[in-house]
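Q: Could you put together the complete structure from these sequences and hints?
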Amino acid sequence: MLRFISKRLASALLVMFTISVLVFLIFFATPGVDPAARIAGKSATPAVLRQVAKEFGLNRPLPIRYGLMMFHLFIKQDLTSYVNIGDRIIPQITAAAPITLSLIFGAVVIWLFVGISAGVVAAKNKGKFIDPLVMFFGITAISIPVFWLGEMVTIITQGGLHHTVFAWVPNGGYVSLTQNPWQWALHLFWPWVTLASLYAGIYARVLRGELINNMNEDYIRTARAKGLSERRILYRHALRCSMITIVSLFGLDVGVLVGGAALLTEVVFGLQGVGWLTYQGLQNLDLPLIMGCVMYGAFFVVLASAVVDVLYAYIDPRIRVVA
Amino acid sequence: MAALGVLIFMVIVTLLAPVYAHHFAHDNPFVPNLQGRIKIGSHFREVMQTNTTGLGVTPIGPTWNFSKYFLGADELGRDVFARVLYGGRVTLLIGFSSGLICITVATVLGMLAGYFGRATDWIISRLLDIIWAFPIYLLAISLSVILVTNGLDLGIIHIGAGSLLLPILIIASVYVPYVARPVRGIVFSLKERDFIHAAVASGASDWHILRKEILPNVMPSVIVFFPLMVALNILTESALSTLGIGVQPPEASWGTIINDGLQLLHTRPWVAIAPGVCIVIVCVALNIFGDGVRDAFDPRAKLRGSI
Numbered sequence: 138m139l140r141f142i143s144k145r146l147a148s149a150l151l152v153m154f155t156i157s158v159l160v161f162l163i164f165f166a167t168p169g170v171d172p173a174a175r176i177a178g179k180s181a182t183p184a185v186l187r188q189v190a191k192e193f194g195l196n197r198p199l200p201i202r203y204g205l206m207m208f209h210l211f212i213k214q215d216l217t218s219y220v221n222i223g224d225r226i227i228p229q230i231t232a233a234a235p236i237t238l239s240l241i242f243g244a245v246v247i248w249l250f251v252g253i254s255a256g257v258v259a260a261k262n263k264g265k266f267i268d269p270l271v272m273f274f275g276i277t278a279i280s281i282p283v284f285w286l287g288e289m290v291t292i293i294t295q296g297g298l299h300h301t302v303f304a305w306v307p308n309g310g311y312v313s314l315t316q317n318p319w320q321w322a323l324h325l326f327w328p329w330v331t332l333a334s335l336y337a338g339i340y341a342r343v344l345r346g347e348l349i350n351n352m353n354e355d356y357i358r359t360a361r362a363k364g365l366s367e368r369r370i371l372y373r374h375a376l377r378c379s380m381i382t383i384v385s386l387f388g389l390d391v392g393v394l395v396g397g398a399a400l401l402t403e404v405v406f407g408l409q410g411v412g413w414l415t416y417q418g419l420q421n422l423d424l425p426l427i428m429g430c431v432m433y434g435a436f437f438v439v440l441a442s443a444v445v446d447v448l449y450a451y452i453d454p455r456i457r458v459v460a
Numbered sequence: 006m007a008a009l010g011v012l013i014f015m016v017i018v019t020l021l022a023p024v025y026a027h028h029f030a031h032d033n034p035f036v037p038n039l040q041g042r043i044k045i046g047s048h049f050r051e052v053m054q055t056n057t058t059g060l061g062v063t064p065i066g067p068t069w070n071f072s073k074y075f076l077g078a079d080e081l082g083r084d085v086f087a088r089v090l091y092g093g094r095v096t097l098l099i100g101f102s103s104g105l106i107c108i109t110v111a112t113v114l115g116m117l118a119g120y121f122g123r124a125t126d127w128i129i130s131r132l133l134d135i136i137w138a139f140p141i142y143l144l145a146i147s148l149s150v151i152l153v154t155n156g157l158d159l160g161i162i163h164i165g166a167g168s169l170l171l172p173i174l175i176i177a178s179v180y181v182p183y184v185a186r187p188v189r190g191i192v193f194s195l196k197e198r199d200f201i202h203a204a205v206a207s208g209a210s211d212w213h214i215l216r217k218e219i220l221p222n223v224m225p226s227v228i229v230f231f232p233l234m235v236a237l238n239i240l241t242e243s244a245l246s247t248l249g250i251g252v253q254p255p256e257a258s259w260g261t262i263i264n265d266g267l268q269l270l271h272t273r274p275w276v277a278i279a280p281g282v283c284i285v286i287v288c289v290a291l292n293i294f295g296d297g298v299r300d301a302f303d304p305r306a307k308l309r310g311s312i
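So the sequence lines, in the order shown, correspond to chains A and B.
The working numbering puts the first residue of the first sequence at 138, with every later residue one more than the last.
The working numbering puts the first residue of the second sequence at 6, with every later residue one more than the last.
Worth flagging that the hints you see were computed from the coordinates, not collected in a lab.
Here the structure is a predicted model, which means the values were calculated and not measured.
Be a bit skeptical, because a hint or two may be false.
[Said to hold, decoys possible] Derived coverage of chain A by chain B (criterion: at least 3 residues anywhere in the stretch with Cβ under 8 Å from a Cβ of chain B; other residues may be distant):
1. 224 to 234
2. 276 to 285
3. 289 to 299
4. 391 to 400
5. 418 to 431
6. 435 to 446
Even for Gly, the Cβ is constructed at its ideal location relative to N, Cα and C.
A: So, in structure tokens, the structure goes:
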């Protein structure tokens, strides 16, 4: 087991390294892209371009620039922005992280509750009217562009109904949990719903499929033969087994989301979390900021997939042998 | 198969966009129309109205009249309904063509990796791992930010900035591992089957085995992926275009129209609502159709029952 974990850790580090190199190459070595021109602006003269290139160290060879950036990001931790000269990257990310975590926390609660209950209800009522109805909602939820859903929520809650039904919805922004827990929840409620809808749809569909598959297995027949109630069979036997798939899906989804995949929700609601920060960096082509955010994100993605793998190996010893 | 009907209907309607624009609406939805006036019933109204909402100049709202500004105008006075029709052509084109490119590349890579194994497999698998480890939207957005404003210059191949090919290629490439990995797995297990051993023993070339023995057995799984990939691609295109780094003006897609609607969200919400509704309809239809295709190829899935 220890050998498996250390092997998995080594490959996680390798993946993070590759991601950092890839991001670096995308922004500095894409043919036809001159980073100095991006920093200096469109009308810069060749002399200005040379000066900018020198100032930001862009005239050095690529590997050295990559090494320097990593050194400042991880060892000295004093990497600064290209755009807002002098702004340190790491404090910006640590300030944004609680907002992203708050957003994901509430969304997770909603999507697990809705997704799992919808999946169970659909599987329980297979062949009846309610199953296709629930699944249709599931398909619709995964077919809605997140950004557009956020806009529609804004139209409804901030539009004509804002003075009556939705008077309780704040005008956007963020209040931290320690400042006022009630306002924190109020401000984040609609972003939570927006982010959760896609995942609730996915989880309901996956869980329903798993449940119906498992209900055809031999061990369910055994349970029936023992005379257990249908209720107990569904919740204690079939659901338990089906949750393995859900747990691994959940680990990866949360990892990706904490790592910045909630970008679209954050941008549309103006929540200044890590995804929003990444988007700002991308718009200004502020490479140190992008690199910081992507490495932060990659860390969680890689961590999540490593944790899921180790948990799996713990549950199922066969995986240890194969890997 | 109602889903397939909806899809075909949407494709035909968007293909008829020029017919609608030229023969029914008599306008060009790509040219600003800030001074225009339209005749509704017996009286004329300005396309850009000064005092209807108390928020300055506002484009005309929906007339619900098929011959003129059915869904109103955007902030440049262009006919939103006609633009949604034209935008659908671009969105569907990107969805289907990047789906096709993605599936083709992924099938080839997956088959090569699975069939040849060893070094070939190692290189292809690591390549897929790298893309896989990247949060998909971050990768797509990073590539778009760089490429869409600069164009791609690979020596002999040059794609200009703002070309539709860029979003197509970017979207196709980020989803390659989703298809290539399962294909590789299928080929791995096929390789141990007797009919492949028989083909090898009878002296068939690798090329022949890949084409005549492996490919026909991989195809059903690949076909199942296609409608789902197209739906994913359409959602990705709309996300990129809404952020302003997908389809570039003067071209329009459903994503860019949602972006246009952002400034008019509180005065003329239909500009943003209409293209989003179209995306939802098409993606729901694609997903339902995809489930149907899966059931057709895998009768066991049908046993489980799905809509």
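Q: Give me the numbers of the hints this structure contradicts, sorted from smallest to largest.
A: Violated hint (a single one): 1; every other hint is consistent with the structure.
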